[in-house]
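Asker: Here are the chains, one letter per residue:
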Amino acid sequence: MGTEDIRRQSMNVFRMKLLGAKVHGVTSGTATLKDAMNDALRHWVTHVRDTFYVIGTVAGPHPYPQMVRDFQSVIGREAREQMLEAVGCLPDAAVACVGGGSNAMGLFYPFVEDKAVRLIGVEASGLGIASGKHAASISAGSVGVLHGNKTYLLQDGDGQIQHAHSISAGLDYPGVGPEHAHLHDIGRAEYAAISDDEALAAFKMLTEMEGIIPALESSHAIAEVIKMAPQMNKDQIILVCLSGRGDKDMHTVAEAMGIEL
Amino acid sequence: MSRIAETMNALKQKRTKALVPFLTAGDPDLATTEALIHVLVESGADIIELGIPFSDPMADGPTIQLASERALAAGTTLKGVLELVARVRRRTNVPIVLMGYYNPVLCYGTTAFAADAAAAGVDGVLLVDLPPEEAQELQPHLRRNGLDLITLLAPTTPPERMRALAGAAEGYLYYVSMTGVTGSQQVNPAAIADAVRDIQAHCQVPVAVGFGITTPVDAKAVAGFADAVVVGSALVNIIAAAGRSPELLNEVRAFMTALSEGVRTAE
Ligand SMILES: Cc1ncc(COP(=O)(O)O)c(C=O)c1O
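Sequences listed follow chains R and U, in order. In my numbering, each residue carries its 1-based index in the first sequence increased by 58. In my numbering, each residue carries its 1-based index in the second sequence increased by 879.
Hints are computed from structural coordinates only; laboratory data are not their basis. The beta carbon of each residue, even a glycine, is placed where N, CA and C say it ideally should be. Mixed in with the good hints, there may be bad ones.
To be verified - Partial chain R-side listing against chain U, Cβ under 8 Å, derived:
{"hint": "1", "residue": "GLY83"}
{"hint": "2", "residue": "SER86"}
{"hint": "3", "residue": "LEU99"}
{"hint": "4", "residue": "ARG100"}
{"hint": "5", "residue": "VAL106"}
{"hint": "6", "residue": "ARG107"}
{"hint": "7", "residue": "GLU266"}
Chain U extracted, bound-state conformation:
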């Protein structure tokens, strides 16, 4: 069984939901990201989404755009991100999903990427600008290496397409809580609960909800119906504000602990 499935099954046994923090690898540098991942795991992260920085992050709002720019300015490459995962993997079993855009992966080479990512200990890949219809260049390689290709569903996804994608989903399904880019608006949990339940009825894998979840209160509300709660921009904002200050790890730990408390007490 994959690390993602194992983790999600274990949480299900405990009748609790998953907390999935997102951070951009290399923001402000890879060494800090490494320290941050361990703090995230210690303070309640069940799965880590690790952003691969890209020069043209079209699906991201200013917060993650700037994180990408800082990471690239620090010299972060996809190869460096994979090496980071390999280092992290020596100390933790937390599932790691790489999230980003297709071009760096295509440029790395889809065959080599799948093999190297698996060897590093990556569990899944989420590429926001690679529609499932265009994934045939990558997906067979991922599958051969036991990696999940995570798909996204949006509020505008038509029911037929939703059912087809939900039926074929691997790892977990990522439901984008709103029409928009990351970090743009606040989630409205009540407005999406029915859509998430409808998706859950059509798929075998857990449904994660992301975009616009910024507070422990949001996290708790969304965890009331979703299987996993993704928090990105709010965390990236803390990392941006603290920079390399010695307070960074404590601030991230405090925020994560509060989010985790929200998710664990959801009903």
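Only chain R is shown next, with the shape it has when bound in the complex:
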């Protein structure tokens, strides 16, 4: 794990350690997710005979994007069934945040053939696309090859990978799973971008109104729903993926609000 993410996600790191994990800090590059992926791949090729590589998102060399999609699809299959049971029809739109894109791919995949269901992935626009400090690979990146997959990347004119920025560590990655790039290119899914400030506002709104504290990553999806809903009819249905709890983000949110814990 990048040392910057260890800092931002100290609650999660503490939990991982309680569960018995050994967490290696990665200091190379930007010390975030992409650098942790570089070092994990380096470790894997060095110990390939007795080490299994696993990744928590739908990126990386084949067959990882496919494997992670299939595992994560439980979300979408159950959501689809429950939707039919509870409402009697499919949703008009399914919305999820996109870092590497696993929770979104898991939600979308069982709906891909349901052409009437809009699929909307939400990337992090950080401090704004124009600022250059964002993580919106599909919305503002270009095609390249990194970590064994061809996809949309944040890169400069020489093909060097650029730093991503998002207030949420889980979206702070300068690429996106290749199947999202494909769904975008064939026009099956749409990709929006939500800024740090919009995500924080959505975080507060969901917390106050529903008593549900969403992860900062998931808050990007919530923010997009808050934007979309007023444009839709009252009887239309939006399915949103709440990919995680916000307990882990208390420090970051407090810091953003200028509160010392």
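Start from chain R and add chain U with the ligand according to the hints.
Answerer: Just chain U with the ligand, lined up with the frame of chain R:
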């Protein structure tokens, strides 16, 4: 005949092996790299592997990662590397292989890259994260311009895949001496000799061995069976330690001379 084939054939006539130093272009800057290449050639390099710096060098250990970072900090671009090769080419016939990652090449444009690299005097290209199965975007352009796409084999490459890749190899085959990244461990020559001989039996091109060769003793041992010996991190470490000091060229010359002596006296 290509410069790589010519060089390797000439060495074969002399019953000797090739010494192939690797250095990262632009570390610490392109002018120094240019001076270094001439020193390498004068002190026994038969082929030069020139690293294209990349922000995310996944197959490299800390030594070459840092070299990449220094080169990028100095403003090195792929275009700048090609211009460097063109300048070097005016003074030397040494085969030059560009080694790196696919994204800078893809971003440059595969058609333009192949044409510009050939015009600059590049002889081969080795891209560690471009598996042969995915090379169709680049390889036809390289071929049209007379450039070799060098392939890698690892200790974990299954025999069937080894035979297929060895049979189709261009320029030379690069055998990675261990499972791991560059500069991570020391080579164990005795442990890889049989694997290298097996590959040689299946291919028409020379077999180079790299990763973990750091001393003249290693170089001599590996040259006992391999056709070419690649030395990277050990050289990059010297460049890193000397930086822009006036001693840099002499230190590199001394190290290369010792390596060359090892390779020439291999049996
Ligand atoms: C709660 C949560 N949601 C979403 C993500 C983003 O990952 P992905 O885009 O793969 O779903 C993360 C990543 O760490 C996360 O922790």
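Asker: Would the hint on GLU266(R) be counted as holding, given a Cβ-Cβ threshold of 8 Å to chain U?
Answerer: Violated. Min distance 41 Å.
Asker: So, LEU99(R) near chain U? Judge it on the closest CB pair being under 8 Å.
Answerer: holds (5 Å)
Asker: Against chain U, run the beta carbon of ARG100(R) and see if the smallest gap drops under 8 Å.
Answerer: Given a least distance of 5 Å, the restraint on ARG100(R) holds.
Asker: Answer holds if the nearest beta-carbon of chain U is closer than 8 Å to that of GLY83(R); otherwise answer violated.
Answerer: violated (14 Å)
Asker: Holds or violated: is the Cβ of VAL106(R) closer than 8 Å to a Cβ in chain U?
Answerer: holds (5 Å)
Asker: Given a cut of 8 Å on the nearest C-beta pair, is the interface hint for ARG107(R) held or broken against chain U?
Answerer: holds (7 Å)
Asker: Quick one, is the SER86(R) hint okay against chain U at 8 Å, beta carbons?
Answerer: holds (6 Å)
Taken one by one, the earlier hints fail for this structure at numbers 1, 7, listed in ascending order.
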